[in-house]
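Chemist: Next come the chains, spelled out residue by residue.
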Amino acid sequence: MRTWRDVARYHLVVPWLFLVMPWLVLAASFAVNWQIFARHAVTAARSGDTGGLTAFYIFFLVIGINSIGRSLPFGLALGVSRRSYYTGTALLGVALALAGGLGLTALQAIERATDGWGVGMRFFRVAYILNGPWYLTWLTSFVVLALLFTYGMWYGIVFWRWGVYGVIGFIGLQAAALIVALLSVAWANAWPDLGRYFGLTAAGLTGVLAGLVLLLLAGGLATIRRATV
Amino acid sequence: MTGLDEGTPLFAQIAERLAEEIADGGLAEGERVPSMNELAAFYRINPATAAKGINLLADDGLLDKRRGIGMFVADGARRRLLAQRRERFAGRYIEPLLTEAARLGIGPDDLVALVAEAARAVPLDASGGVTV
Amino acid sequence: MTAAISVTGLSCQYRDHLALDDVSFDVQAGSITGLLGRNGAGKTTLLRILAGQEFPSAGRVLVHGAPPAENEDVLRRLVFVREDQAYPDFKVRHALRVASWFYPNWSPARADALLADFELPAGRAIKKLSRGMRSALGIVIALAAQAEITLFDEPYAGLDAVARQVFYDRLLADYAERPRTILLSTHLIDEAAGLLEGVIVIDRGRVVVKASADDLRGLATTVSGPVLSVDDFTAGRDIWDRRQVASQASAVVVGPLDEAAWARAKSLRLDLAPLTLQQLVVHAAAHPASAAPAPTVPVNPWERTSA
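Protein sequence lines, in the order shown, are assigned to chains S, A and X.
Following this note's numbering, the numbering of the first sequence begins with 1 at its first residue and continues without gaps.
Following this note's numbering, the numbering of the second sequence begins with 1001 at its first residue and continues without gaps.
Following this note's numbering, the numbering of the third sequence begins with 2001 at its first residue and continues without gaps.
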């Protein structure tokens, strides 16, 4: 367990990327959006959600990729097993997702309290998925951030195990699977069924995504075992 | 490797140089011989190699080991080394000299005269001589 | 004598070529062994397998008695310096700080001293370092780690002769103070020759020489002089090479030459030059079959001078 802690410390030795950047990106996106709302005084009724949170979430994908893609070689050189490295990194990702979700939840509460930051902006509130009670917001944010981090790690693992072509193949496989799924739905004319399926509540969707995270985590551990640097 | 010949076993060369130092009086009897680490650092070689060279002389009784302190030149070491050198003197120096002289057509009498002349011209250092 | 590293029948097959082919050897604990061979011979692959970074396709590897792959007990006692180590977006001091957490014997004092020796600025970003400085960083980490098993893969890429000498000197000093098992892969053989106790030569994935450095020294000698004298001297002896120009010839004679042989060569006015380790390695790589040296057992060898 000390090794896991040391692996986490390893990622945070230069705190910039993992701890600071996501919030900087968030702040930048927030500033841009607030500007627009303040300038044009858009009414709350007409406005939709800004979608400005996306940048923050995507950045978790970036640090996930980095945690393996960039940092694995030196990590292994330091005498850490792949198992320990992966576990320590995943735990860090989970911790960051937890903290990130908490931060977003707090900011969402402030947004509600200030009626959209004084300009009626819906930045931290997202319809359907991030609009409910605080604990649900925290849970959903946490799961989605963890999912993106873990998914990012997978790109790193695939790269070290199968190289650049492996990554291309990885992307291709997912694209192909997506196309096949969409085609089969269209072919079976099952769009209505799909709609019903996606009649899940936010909580339900969170549950499904959580399951996906666990799957990716387990799969990542199994796959990294034969990665070479 | 500083000043060592690449082609022959290094430990042998180390032993040889120490032996020469003893024979020439540079290392007196009872004096401490450089440690394996000191020799290794000096010659830039593996300490194990230096140790092997030292042990070679020790096995031959030319060095005494004193636990915890180091290796010291044994009593009578210089005498023994010089005696050995004397034994090999003829084979190492005289025979090649005669062979070369013969090749150049210089007979033994002429050779003796040459030696006498050279001895007068080249002053021999008194410290090089030893009474045994 | 315990073997710190024991390799048996090791092979490593990549998609398009066989990097290692049935490699077997032992490395004595606490010794400095050279892993010699041409570029692309398989030295790096071998070292990566020993460090648990690569997986063999066949054979067995034991480091301190256990397979190193995914084995933290072994890996923590081992440090591996690669020529092409990839680092995260770190400065030099970050890399050293992180290394201090993972190596139980890490010496901060040594790290600082070595940084000064190599004039490596602690605050510089690693990606901005020259090739030589990157090599120096690897050396600093390896020596400050003071690991029981230290593996070097051509650690001096880009280092000039002065810096290389600093490396050899520091390595020797550290080794003298704190003996450890060192495996050093190099193609600058003559420079490192004095440090080596054991020698393993790899060519095209196979071990072609496995001997002590001392056994290899004096294994072969170049004899040169007048053609007739050379032929006279070399009659009945094993020869590797023979060249001739006008009335001068030179041949490489195999096998240790005793006092009598040396004297005879002298009398024939022949020049004798023992083959250096580097020359032997070059020959062994070209002619694998001929390289097995018979152990030389010199009698009072310190009495024989080459003068």
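Hints are supplied without guarantee of correctness; some may be wrong.
Unchecked claim - Distance condition first, Cα-Cα at most 20 Å in a straight line; then the derived EDC-like pairs of lysine to aspartate or glutamate:
{"id": "1", "chain 1": "X", "residue 1": "K2091", "chain 2": "X", "residue 2": "D2112"}
{"id": "2", "chain 1": "X", "residue 1": "K2210", "chain 2": "A", "residue 2": "D1064"}
{"id": "3", "chain 1": "X", "residue 1": "K2210", "chain 2": "X", "residue 2": "D2022"}
{"id": "4", "chain 1": "X", "residue 1": "K2210", "chain 2": "X", "residue 2": "D2190"}
{"id": "5", "chain 1": "X", "residue 1": "K2266", "chain 2": "A", "residue 2": "D1075"}
{"id": "6", "chain 1": "A", "residue 1": "K1052", "chain 2": "A", "residue 2": "E1006"}
{"id": "7", "chain 1": "X", "residue 1": "K2128", "chain 2": "X", "residue 2": "E2177"}
{"id": "8", "chain 1": "A", "residue 1": "K1052", "chain 2": "A", "residue 2": "D1064"}
{"id": "9", "chain 1": "A", "residue 1": "K1065", "chain 2": "A", "residue 2": "E1095"}
{"id": "10", "chain 1": "X", "residue 1": "K2091", "chain 2": "S", "residue 2": "D6"}
{"id": "11", "chain 1": "A", "residue 1": "K1065", "chain 2": "A", "residue 2": "D1075"}
{"id": "12", "chain 1": "X", "residue 1": "K2091", "chain 2": "X", "residue 2": "E2119"}
{"id": "13", "chain 1": "X", "residue 1": "K2266", "chain 2": "A", "residue 2": "D1064"}
{"id": "14", "chain 1": "A", "residue 1": "K1052", "chain 2": "A", "residue 2": "E1095"}
{"id": "15", "chain 1": "A", "residue 1": "K1065", "chain 2": "A", "residue 2": "E1029"}
{"id": "16", "chain 1": "X", "residue 1": "K2127", "chain 2": "X", "residue 2": "D2084"}
{"id": "17", "chain 1": "X", "residue 1": "K2266", "chain 2": "A", "residue 2": "E1100"}
{"id": "18", "chain 1": "A", "residue 1": "K1052", "chain 2": "X", "residue 2": "E2177"}
{"id": "19", "chain 1": "X", "residue 1": "K2127", "chain 2": "X", "residue 2": "E2083"}
{"id": "20", "chain 1": "X", "residue 1": "K2266", "chain 2": "X", "residue 2": "D2232"}
{"id": "21", "chain 1": "A", "residue 1": "K1052", "chain 2": "X", "residue 2": "D2215"}
Just so you know, these hints were derived from the structure itself, not from any lab.
Small disclaimer: the values here were computed from a predicted structure and weren't measured.
Chemist: If a hint holds in the structure, say so; if it does not, say that too.
Modeler: So, going through the hints one by one against the coordinates:
Of the supplied pair hints, the one linking K2091/X and D2112/X holds, its CA atoms being roughly 15 Å apart against a limit of 20 Å. For the suggested pair K2210/X and D1064/A, the alpha carbons sit about 34 Å apart, so the restraint of at most 20 Å is broken. At roughly 14 Å between alpha-carbon atoms, K2210/X and D2022/X fall within 20 Å of each other, so this suggested pair holds. Proximity of K2210/X to D2190/X is assessed by CA-CA distance (about 17 Å); at most 20 Å being required, the pair is judged to hold.
Distance hint between K2266/X and D1075/A is unfulfilled; the C-alpha atoms sit about 35 Å from each other, more than 20 Å. At roughly 17 Å between alpha-carbon atoms, K1052/A and E1006/A fall within 20 Å of each other, so this suggested pair holds. Distance check on the hinted pair: K2128/X and E2177/X sit about 34 Å apart at the alpha-carbon level, beyond 20 Å; violated. This hinted pair checks out: K1052/A and D1064/A have alpha carbons roughly 15 Å apart, not beyond 20 Å.
Annotation: proposed proximity of K1065/A to E1095/A is violated, straight-line Cα distance about 38 Å (limit 20 Å). Taken as a hint, the K2091/X and D6/S pair is honoured in the structure, with Cα atoms around 18 Å apart against an allowance of 20 Å. Pair hint K1065/A plus D1075/A holds up; C-alpha atoms about 12 Å apart against a cutoff of 20 Å. Taken as a hint, the K2091/X and E2119/X pair is honoured in the structure, with Cα atoms around 15 Å apart against an allowance of 20 Å.
Of the pairs offered as hints, the one joining K2266/X and D1064/A is violated, with about 36 Å between alpha carbons and a cut-off of 20 Å exceeded. For a cut-off of 20 Å, the pair hint linking K1052/A to E1095/A is broken: about 32 Å separates their Cα positions. For the suggested pair K1065/A and E1029/A, the alpha carbons sit about 13 Å apart, so the restraint of at most 20 Å is met. Simply put, K2127/X and D2084/X have alpha-carbon atoms about 12 Å apart, close enough for the 20 Å limit, and the pair holds.
The suggested pairing of K2266/X with E1100/A holds, with an alpha-carbon distance near 10 Å, which does not exceed 20 Å. Proximity of K1052/A to E2177/X is assessed by CA-CA distance (about 18 Å); at most 20 Å being required, the pair is judged to hold. Note on K2127/X and E2083/X: the hinted pairing holds, with a Cα-Cα distance of about 14 Å set against a maximum of 20 Å. Restraint check for K2266/X and D2232/X: the C-alpha separation of about 13 Å stays at or below 20 Å, so the hint holds.
For the hint linking K1052/A to D2215/X, the alpha-carbon distance of about 13 Å falls within 20 Å, and the restraint holds.
In this structure, the earlier hints numbered 2, 5, 7, 9, 13 and 14 are contradicted, and the remaining ones agree with it.
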